[in-house]
Amino acid sequence: MNAPQTTLQTLALKPEGPVLHVTLNRPEVRNAMSLAMVGELRSVLAQAEAGGDVRAIVLRGAGGHFCAGADLKDMATARMLLADNPNALVDTNAAFGELCVAYANTGIALVAVLEGTVMGGGFGLACVADVALAGTGAVFRLPETSLGVVPAQIAPFLVE
Numbered sequence: 447m448n449a450p451q452t453t454l455q456t457l458a459l460k461p462e463g464p465v466l467h468v469t470l471n472r473p474e475v476r477n478a479m480s481l482a483m484v485g486e487l488r489s490v491l492a493q494a495e496a497g498g499d500v501r502a503i504v505l506r507g508a509g510g511h512f513c514a515g516a517d518l519k520d521m522a523t524a525r526m527l528l529a530d531n532p533n534a535l536v537d538t539n540a541a542f543g544e545l546c547v548a549y550a551n552t553g554i555a556l557v558a559v560l561e562g563t564v565m566g567g568g569f570g571l572a573c574v575a576d577v578a579l580a581g582t583g584a585v586f587r588l589p590e591t592s593l594g595v596v597p598a599q600i601a602p603f604l605v606e
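One rule links them: number in my numbering = place in the sequence shown (from 1) + 446.
Some hints could be false.
Here are the in silico distance ranges between beta carbons for each label pair [stated by the list, open to error]:
(1) Asp-537 to Gln-455: 18 to 28 Å
(2) Gly-583 to Asp-530: 12 to 22 Å
(3) Thr-582 to His-467: 14 to 24 Å
(4) Gly-497 to Asp-530: 20 to 30 Å
(5) Asn-531 to Pro-464: 37 to 47 Å
(6) Pro-532 to Asp-499: 38 to 48 Å
(7) Gly-581 to Ala-548: 22 to 32 Å
(8) Leu-518 to Glu-544: 26 to 36 Å
(9) Glu-544 to Gly-509: 24 to 34 Å
(10) Gly-497 to Arg-587: 17 to 27 Å
(11) Thr-453 to Val-547: 32 to 42 Å
(12) Gln-455 to Leu-518: 42 to 52 Å
(13) Ser-489 to Lys-519: 27 to 37 Å
(14) Thr-582 to Asn-531: 42 to 52 Å
Bear in mind the hints are in silico, worked out from the structure with no lab data behind them.
No experiment lies behind these values; they were computed from the predicted model shown.
The C-beta atom is built at its ideal place from N, Cα and C for all residues, glycine as well.
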């Protein structure tokens, strides 16, 4: 795979022949998915699909955790934008669902290596993998359900 066109802030890539290793690289927040990470994950997938030389993507998290779900700072920012954009929360939330749809529909084999925290949107991303390898210390949670919130964007993938 050719190097990405832009500098990645939240991911680390390591191509090895037809395998692209993608590491969620925000260990200080247990790899919580910011909107920037969602965009980078979508971009990396699109480039891999367009290039045609990637046969498999191995997705993992840095620092002993897969993904703590959505970055709550992005959700707070979206709430602050509601006065100007009534759909700010909907748009932010939908970005995570669209990410899962993109990875679920790719023809590239997806392997998720799961350890530590696997929560929320990270749990959804794990569910769309063709193969999920979970370490004995992996903890799967949907924290939004304790607040009475349905994980609507990832629910279809959880059920599947």
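So, going through the hints one by one against the coordinates:
1. Asp-537 to Gln-455: 18 to 28 Å: 21 Å, holds
2. Gly-583 to Asp-530: 12 to 22 Å: Given a distance of about 43 Å, which is not inside 12 to 22 Å, the answer is violated.
3. Thr-582 to His-467: 14 to 24 Å: 22 Å, holds
4. Gly-497 to Asp-530: 20 to 30 Å: With Cβ atoms ~38 Å apart, the hint is violated.
5. Asn-531 to Pro-464: 37 to 47 Å: Check passed, 42 Å falls within 37 to 47 Å.
6. Pro-532 to Asp-499: 38 to 48 Å: Once the Cβ atoms are compared, 43 Å apart, the range 38 to 48 Å for Asp-499 and Pro-532 holds.
7. Gly-581 to Ala-548: 22 to 32 Å: The hinted range 22 to 32 Å holds for Gly-581 and Ala-548, with Cβ atoms some 26 Å apart.
8. Leu-518 to Glu-544: 26 to 36 Å: 19 Å, violated
9. Glu-544 to Gly-509: 24 to 34 Å: About 26 Å separates the Cβ atoms of Glu-544 and Gly-509, which means 24 to 34 Å holds.
10. Gly-497 to Arg-587: 17 to 27 Å: 35 Å, violated
11. Thr-453 to Val-547: 32 to 42 Å: Roughly 26 Å apart at Cβ, these two residues miss the hinted range, so it is violated.
12. Gln-455 to Leu-518: 42 to 52 Å: Once the Cβ atoms are compared, 18 Å apart, the range 42 to 52 Å for Leu-518 and Gln-455 is violated.
13. Ser-489 to Lys-519: 27 to 37 Å: 21 Å, violated
14. Thr-582 to Asn-531: 42 to 52 Å: 44 Å, holds
Of the numbered hints given earlier, the model fails hints 2, 4, 8, 10, 11, 12 and 13; all others are met.
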